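Chemist: Residues 14 to 179 in the working numbering are what the sequence shown spells out, letter by letter.
Don't read these hints as lab results, they were simulated from the structure. Be aware that a few hints might be false.
Stated by the list, open to error - Below, simulated EDC-like cross-link-like pairs (lysine to aspartate or glutamate); rule was C-alpha separation at most 20 Å, straight line:
1) K116 to E94
2) K170 to D84
3) K98 to E117
4) K58 to E33
5) K68 to D57
As the list claims (entries may be wrong) - Here are the simulated distance ranges between beta carbons:
6) V32 to S86: 30 to 36 Å
7) R138 to K56: 47 to 53 Å
8) K98 to T16: 33 to 39 Å
These numbers were taken from a predicted model, which means no experiment stands behind them. For each residue, glycine too, the CB sits at the ideal point set by N, CA and C.
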Amino acid sequence: MTTIDWSRFVTRINVGAPVETIYQAWATRGGMESWFLRLCEYKDKNGVERSAEEKIVTGDTYKWLWHGYPDTSVENGQILETNNKDHLKLSFGKAGVVTVTIKEEDGESIVELTQDEVPTDEQGRFNFHVGCKTGWTFYLANLKSILEGGIDLRNKKQRQKEMLNS
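Sequences and hints are given; from them, build the entire structure.
Modeler: Next up, the structure:
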């Protein structure tokens, strides 16, 4: 029987778009708000907010708000690494560290998301391993949907609670 490593997970999806387009969707405020977030603020090391199309750099900070959740459900973190091309790494609160790598595989663009340093206590297993993997699975599917066909699958109604797609 295989033992589950609760401290990390990897999820991958193929996306019918160029690597640069996918990277732009992760590395800019405008990109993140198109498929993932209600509000994305990236700020440089001096606290100056980046424009909608300005790419993040290592050391930037972020503030994220989601559709379907109040402003009290906020995630603040830091961009730990980026190569301005196909790789970024960020802190993700108590849930650990998220690394996104975009690469070509068999003629397709692949987005690979790894979440490491996930707490392994019971709450960490449920909230961050299972919960985050469920969330990332939906949002990666929405990234694919947006970039391949333009259909946004997110629920944007804050009054509808506990929705898979918000």
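Chemist: Out of the numbered hints, which ones does the structure contradict?
Modeler: 4 and 7
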